[in-house]
Amino acid sequence: MRPMALVLKQPSVLPGFGLTLGFALFYFSLIVLIPLSGLFIKTSTLTWSQFVHTVTEPRALASYRLTFGASFLGALINGFFGSVVAWVLVRYRFPGRSIVDALVDLPFALPTAVAGITLTAIYSSNGWIGQYLEPLGLKIAFTPLGVLVALTFIGLPFVVRTVQPVLQDLDKEVEEAATTLGASRWQTVRAVIMPELWPALLTGMAMAFARSVGEYGSVIFIAGNMPLKSEITPLLIMTKLEQYDYAGATALGVVMLVASFLLVLMINLLQWWSSSRHTAR
Amino acid sequence: MSTEIATTVKNEEWKASLTGESTWVRWTLIALALGYLTLFLFVPLAAVFAEALKNGLESYFAPFQDPDTLVAIRLTFIAAALAVPLNLVFGVAAAWAIAKFEFIGKQLLITIIDIPLAVSPVISGLIYVLLFGAQGWVGPWLIEHDIKIIFALPGIVLATIFVTVPFIARELIPLMQSQGREEEEAAFTLGASGWQTFIHVTLPNIKWSLLYGIILCNARAMGEFGAVSVVSGHIRGLTNTLPLHVEILYNEYNAVGAFAVASLLTLLAIVTLIVKTVIERKSGPAQSAHDPAWSPQPGSPS
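Chain order of the listed sequences is A and B.
For the first sequence, the numbering used here assigns the number 233 to the initial residue and increments by one for each residue that follows.
For the second sequence, the numbering used here assigns the number 315 to the initial residue and increments by one for each residue that follows.
No lab work stands behind these hints: they were computed from the structure.
A hint or two may mislead.
[Said to hold, decoys possible] Below, in silico cross-link-like pairs of lysine to any residue (SDA-like), each with a Cα-Cα straight-line distance of 25 Å or less:
(1) A:Lys371 - B:Glu497
(2) B:Lys420 - A:Lys371
(3) B:Lys368 - A:Ile361
(4) B:Lys420 - A:Tyr259
(5) A:Lys241 - B:Thr503
(6) B:Lys368 - A:Phe374
(7) A:Lys241 - B:Glu497
(8) A:Lys404 - B:Leu343
(9) A:Lys241 - B:Leu343
Bear in mind that the values here come from a model prediction, so they are computed numbers and not experimental data.
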């Protein structure tokens with residue numbers, strides 16, 4: 233009997249545990265964990281007041297407001313339209329539906345730099361869409377609105393792809409029962425369908441938000457990048473790096489990293505909620 | 315008999331009327347969805363090619379005769395050719411350990427594998443600059459030995475590996491977990507070696523997900539911009555990958571050239587989506603069909 237082995241790993245007849253887990257841990261530590269921990273070690277060369285000063289200077293605060301604000305608005309927009317798209321794709325049949333379904337993933341597959349220059353071209357004052365918005369007084373490219381457009385694009389697939397499978401699995405008989413019992417269609421949607429969708433919808437929005445917060449490539453072309461006005465936090469980190477202000481860049485990096493970890497935690501909880509609801513039925 | 319069929323049909327119609335919306339609601343929703351997708355997906359997709367072909371075919375192909383573009387293409391392929399196989403080995407190893415064995419900390423491992431997807435690309439590059447840059451920990455030693463990592467190929471490859479680490483693992487882990495270990499146990503007990511068991515029993519069961527993971531990994535490896543931008547130093551014709559080359563051309567006001575190179579990357583994205591759709595059809599909707607694979611989503615909901 234080897235009590236230690238029993239505690240760490242349950243016995244199995246299959247081979248390769250040590251080799252595969254060992255390699256996976258070694259590789260992951262080397263590529264991800266050790267370099268990431270370097271970020272925290274580097275920050276510790278700053279004193280606490282230096283750190284606080286760096287991460288709360290007006291330029292940094294303005295960049296958080298824009299990054300988190302635009303990401304939140306983008307997630308809201310995608311929450312609404314993403315649900316509509318998922319609903320339409322699952323419930324209705326129309327020509328080109330399967331192509332539309334496949335294209336929803338485009339923001340995942342398209343390199344962010346390509347998205348950036350393309351959105352800039354379309355939404356600038358002489359672009360395909362921008363030229364019609366400019367007379368209305370709406371300037372999108374090179375303003376904070378441009379950041380919102382880019383982040384909405386980047387977050388587009390998340391809500392669709394989290395809500396879609398839940399809608400597909402939804403038991404139609406419950407809806408039928410609701411209608412038979414006298415509920416209007418709108419009442420059924422609100423009281424029967426929406427409660428089922430909420431966990432998936434919130435998960436999708438949280439994912440879109442998390443992705444948007446860190447986004448760099450698609451934003452920098454369209455944003456205009458004016459300090460205090462249209463500068464996102466990842467760009468501010470980049471600027472500090474280019475000025476060889478490594479400590480400053482690292483301090484902001486730590487703030488972003490902690491925000492990302494909190495978001496991951498939140499998404500985990502949402503997914504746990506989502507799946508426990510699912511299995512509870 | 316016929317009345318029975320008629321009643322069933324009527325019954326179906328009646329049921330559909332219970333769960334359907336009126337025609338105008340239906341078309342309003344479709345219009346709303348397509349309008350939104352047009353604004354944010356279809357128009358940008360068309361615009362890439364329209365901008366690239368604005369001045370005719372000759373100027374479209376001009377950037378592809380530029381040696382700097384060819385270097386960028388080569389560099390992008392090298393980075394992907396190193397990142398994808400390494401992450402493939404990692405993905406298979408991690409999935410084997412997680413799916414076939416019970417051990418302490420397994421759930422934690424599944425969660426942390428997704429860290430690179432949650433981290434801003436700029437930070438993914440920054441951590442390597444802190445390690446290997448001139449002011450970094452290993453920096454002075456590297457300079458002494460004349461080894462260049464940052465602003466050179468190794469840095470680009472490292473950053474690319476970092477951002478694509480989870481792609482294959484996250485496709486395989488949920489699938490292999492759901493498949494259990496009985497088949498492998500049977501093969502192994504009957505005398506197959508571990509390797510034979512993997513090749514003849516496991517691999518056929520996971521091949522579509524594996525391929526799916528590989529193409530997603532490759533698309534991201536070739537398209538990564540932020541992380542690579544931090545470590546590359548943007549040395550034209552030397553450390554520029556294709557996405558960085560797009561940026562350089564664009565900033566030099568060579569819009570047509572930038573969009574021409576961008577159209578190449580867009581074609582890559584379209585091919586990726588096509589392969590992805592085909593694999594989803596082949597492997598059935600149950601297998602990772604609607605998994606938001608590029609998402610910063612941790613682990614698989616069990």
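So, going through the hints one by one against the coordinates:
1. A:Lys371 - B:Glu497: violated (61 Å)
2. B:Lys420 - A:Lys371: violated (50 Å)
3. B:Lys368 - A:Ile361: With a Cα-Cα distance of about 17 Å, the restraint between Lys368 of chain B and Ile361 of chain A holds, given a limit of 25 Å.
4. B:Lys420 - A:Tyr259: With Cα atoms ~16 Å apart, Lys420 of chain B and Tyr259 of chain A stay inside 25 Å; holds.
5. A:Lys241 - B:Thr503: holds (20 Å)
6. B:Lys368 - A:Phe374: Roughly 23 Å separates the two Cα atoms, so the pair holds.
7. A:Lys241 - B:Glu497: holds (20 Å)
8. A:Lys404 - B:Leu343: holds (19 Å)
9. A:Lys241 - B:Leu343: violated (52 Å)
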